[in-house]
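Now for the letters of each chain:
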Amino acid sequence: MNVLLHPDRLLPADPTTRAIARSLYASVADRPIVSPHGHTDPCWWGENASFSNPADLFITPDHYVVRMLVSQGIPYEALGIGEGARSDPREIWRSFAANYHLFQGTPSRLWLDHAFSTVFGLIERLSSENADAQYDAIAEKLQSAQYRPRALFDRFGIEVIATTDSALDDLRWHAMARESGWKGRVVPTYRPDSVVDPDSDNFGANLDRLGELTACDTGTWQGYLDAHRARRAFFRAMGATATDHGHPTPRTANLSEVEAAALFARIRSGKARDDDAELFRAQMLTEMARMSVEDGLVMQLHTGSFRSHNAGVHARYGRDRGFDIPVPVSFTLALKPLLDAVGMDPRLRLILFTLDETTYSRELAPLAGAYPSLRLGPPWWFHDSFEGIRRFRERVTETAGFRNTVGFNDDTRALCSIPARHDVSRRADSAFLAELVVTHRLDEGEAYEIALLLSDGLAREGYRLEQGDT
Amino acid sequence: MNVLLHPDRLLPADPTTRAIARSLYASVADRPIVSPHGHTDPCWWGENASFSNPADLFITPDHYVVRMLVSQGIPYEALGIGEGARSDPREIWRSFAANYHLFQGTPSRLWLDHAFSTVFGLIERLSSENADAQYDAIAEKLQSAQYRPRALFDRFGIEVIATTDSALDDLRWHAMARESGWKGRVVPTYRPDSVVDPDSDNFGANLDRLGELTACDTGTWQGYLDAHRARRAFFRAMGATATDHGHPTPRTANLSEVEAAALFARIRSGKARDDDAELFRAQMLTEMARMSVEDGLVMQLHTGSFRSHNAGVHARYGRDRGFDIPVPVSFTLALKPLLDAVGMDPRLRLILFTLDETTYSRELAPLAGAYPSLRLGPPWWFHDSFEGIRRFRERVTETAGFRNTVGFNDDTRALCSIPARHDVSRRADSAFLAELVVTHRLDEGEAYEIALLLSDGLAREGYRLEQGDT
Amino acid sequence: MNVLLHPDRLLPADPTTRAIARSLYASVADRPIVSPHGHTDPCWWGENASFSNPADLFITPDHYVVRMLVSQGIPYEALGIGEGARSDPREIWRSFAANYHLFQGTPSRLWLDHAFSTVFGLIERLSSENADAQYDAIAEKLQSAQYRPRALFDRFGIEVIATTDSALDDLRWHAMARESGWKGRVVPTYRPDSVVDPDSDNFGANLDRLGELTACDTGTWQGYLDAHRARRAFFRAMGATATDHGHPTPRTANLSEVEAAALFARIRSGKARDDDAELFRAQMLTEMARMSVEDGLVMQLHTGSFRSHNAGVHARYGRDRGFDIPVPVSFTLALKPLLDAVGMDPRLRLILFTLDETTYSRELAPLAGAYPSLRLGPPWWFHDSFEGIRRFRERVTETAGFRNTVGFNDDTRALCSIPARHDVSRRADSAFLAELVVTHRLDEGEAYEIALLLSDGLAREGYRLEQGDT
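Chains as they are written, first to last, in the UniProt record's numbering: chain A, 1 to 470; chain B, 1 to 470; chain C, 1 to 470.
The hints are simulated quantities; they were obtained by calculation from the structure and are not laboratory data.
One thing to keep in mind: the hints can contain errors.
Stated by the list, open to error - Simulated pairs of lysine to any residue, SDA-like, Cα-Cα distance not exceeding 25 Å: (1) LYS336/B <-> ASP201/C; (2) LYS336/C <-> ASP320/A; (3) LYS336/A <-> GLY246/B; (4) LYS336/A <-> ASP201/B; (5) LYS336/A <-> VAL327/B; (6) LYS336/A <-> TRP182/B; (7) LYS336/C <-> GLY82/A; (8) LYS336/C <-> GLY312/A.
Bound conformation, chain A alone:
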């Protein structure tokens, strides 16, 4: 018996509600996966090489998994991270298996069990006892052609997937995938943080490189903006329909051209004042919004994460090791300059994400329920979970409705978790809709229509994927 995946998982306890939810879920369970925001490695799609081993696939690169193990005293080195770390993947797998109980009650467990079961055919919960057997079973499958990235893409029913790519990236893997004759639709996303955020490593060199790539003079404000335009055009030509902006805060600004040019000059010449970096990021959000009005790229804003919270962990093990911790955020005043400038323009689409759930009902739903340019991204990161999705829908829907949201993002670099994450989302939304039906807030027929929108319709529409290059 497969103990990993109960067919009614995540559906409401009340029998009447569960029956409705089950039926709603069944209507969308097999819908294609539209994945407009994520972090799969473009190289997978370009090279289509086999994955090396179970630990590399499931443990080391997954910051959800790593941080939980670290939080209970397992050293990074035991997980294969850092200097002098353990290198035998089977040993890493055994540590993971011995501590698999730590994931009880977490979305990681749902995702992992789903992948173990549906992708690798395992039916027992991972433990020290079966660690070696499960390692062998996965490792063996990884060698077969059916477990290469493109085969998994097809098997998972992915219609389109977006990667997230530096503004300086040459998108060679995207080109390789397109030129290979493979039919899978993989599109890049323009992520210009490294050439927008003066606090990023090598910012000056990055701007020089931006100039080289575009033949624009990134020593001047207008040349710099033109360089962005050129790169955006390149990304669009490669299939991009969206940009993505990871900023510490949602602050925006709308300086005069003279002020903006002076600010740029101060930063470019290393004479930045105290607040200049933040002000520049703020100004650039408005500039990016203006470019989106021009070129139609959907703009995504992810804010509120304090990256690499622990200095020692950052120094020793690098970024993305599970130590990015949210801070309080407020959007209302922060977004006003941008929204005053272009917020009522129907050509702009700006999708907002938050790690501070207090903003759902207080700010985000009221903003998205008023501005035609705004949409709300799905629950993000720590909140991409059953309870997180429930809180999002409960707090957002009454003020913003369903159509000011954009369906689901899997947002992951863990390939095998993609179907699991969309499945959790479809189940959680079905549960929410069933609750509305059973309390007569929605007709059953309407619930089916909305379930379809939430599973893939709103993602396609919200990210303008119909209009994108196919």
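Fit chains B and C to the supplied structure of chain A, relying on the hints for placement.
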């Protein structure tokens, strides 16, 4: 079959809990409506003229409806708002009907369906197909005497309704209603924002006018305070039992008389310093609280809305167009000066409202669960909904109990939604109480008593409506 | 019939879920009480004298009870508090009984009813009618040996209880209890606020006293730190396994030794600058964490309460009268200096508490789900309730799991409520776990294991009580 109103709507899914909730709801469904805070137009009650057409009644003035349509790209002009706007109400109605699906899952839909069904006898959900027929049905009824404001007042079972009126208002419509021989109880509320907030339009002229109306010297601090006293007395004589204060923040101050007079002088003479406007509003809350101690008017404080967020919308379409967006608020330190001054005085009653739900359990319930002067207003604005009411009761009750709350406010300018809103509130409270009963946190007999309090008892008591002029 | 305690109280309404919850609860209902953080009076355990009367036991010292009565207009004096207060305990009891309905829907009622029923054998709900009879019944029992503190300790099944004690305390009552031959395990907790917080009353004199007690020179920074080390050693010798720190904010600092010594010198010499008191508290949290690394004492941090909010209440009736009101808190940046210094050290254990529930999912779960030194304390104070516990588990578990929490604290000075509080916690956790089981997020077998951890296992482990002096 009427698809608009299921008799069990909003009641819990679990059959046992639903049976208890249904019975609790039945016990209060027909209780009189006590509406101590709202925005109906006094002119309706004074003149008792017919409403002009369905679009004017249901769409154009309802910022909940307008903002949702605007958020999905319908221009204000298509809704009859702004220069050169569409003027045919039937056309406006058709746009609304064609987009009625946008309100799925929102309280607006519950309110509208309730009004369409119970007030106008419609039984189908509004759509493009039936838009004209429903328009005609409503338009025809609006011409009959039974659909004039006072007839609706009686039909809705309204025991008393409070309007919200500028401190400078002559209350002529209230006088007209009283003198007409009509028995309906309509009372004004003293809302002095335009003569308390130095940032309001024409503040100086407003103070001059305040002086004229009261024969007080509003050029001096004491004369200005006396003018408030005089206007409050006038409002009381016209039936008011309450004041209402809409401030950006809940900040209060308790300056010495010398400091306060100097502050007033700076503001009156146009020599205000940076923080003076906010400080003056803060000081005036304490002054108003002191006057409430003297004259017994219940004080209401509504804070935390950033009004007219979009500059262009404000300039082109004016205020109250759906672009008031909440900001984070904190009461604990902000209210201390006022509460140190008069917070323990049993004669003061101060009712607090919030748009920042994080304050429910963190600040408001602890404050109201300690200070004898404080009561909590019901969920406000974006939170006046099923989920909003549930969150309020779940977060407030354990710390503040039921009796530190004041029942329900419909808070609306949409006359036909008044019964709908009270109905939602009674159903939501019945659902909450049933949950407490079924989990044995409350005896069933107690739940009936509390349901009665929440439906109208606490509103009457909380707003001192028994003591008011009848 | 006993109307006070339904056997299924707090268990979910859905029959399937309730059956699972009932069974989970049954498996832990009789587990020993491990109480690692609370405020029972050490004198009770040392002297083991009878409690004087029902009002002294249940009303006057219970700030939950007092504040609710005060909030509804009952003066402190009627509760026996303040100059010229009523002194007849029976009269105080009658006021309480007449207003017992105020506690409907609150945890106080659950706790009181549980104590009345299980400790004193009462079966009717308290009211004016039965006030005298219940008073007599309780008063009579209080005279018997079975109702002395140590007898209750045994009857309640307490395995270990921690008190909270000033760093300057001589722990004489703890010594008396140990020397009496009684087997009950009562341990002190090192609470150094009065010698760490420069804003506390008599801070200078407290430091002098600290010097006398330890023969350290508390006129110097190093002497002062040594004095802490000495007192911590004394507390450990007396059985302590933990320290507790009540700070207004969670701010920490990590100054150089020179800076810290200079800061100490400014404060000690009365030349503190504006921010020095806060900075000193911040620095001392890091120093305490370093000492915890050395001596293994578990560190608890309680922040975010604005103490004695009303000036008049504080002046007239003193501290702990129900007027401590929470303020917004943020941990992410505040804790960084401490965590950069020692946060990755496995020898440190720092347990975090909050009154600002917005930090659960935004900051605390991400922090505890990453740092090996961090654990989350249970819902605190206003949130130590059914809904509070539910919110905590729903917001924390998905990111931090179960094992980064430390079970339950009763945190009370109300002796008879201890079993009630642990019972509420066990029921609430059983309800939460049953919900996970019925939605197939957890296997039933796992739920039993976790129920055991949450009832007492994690408290014992989290507070290192196995390692403590027994």
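Check each numbered hint from earlier against the structure, then list the numbers of those it violates in ascending order. 6
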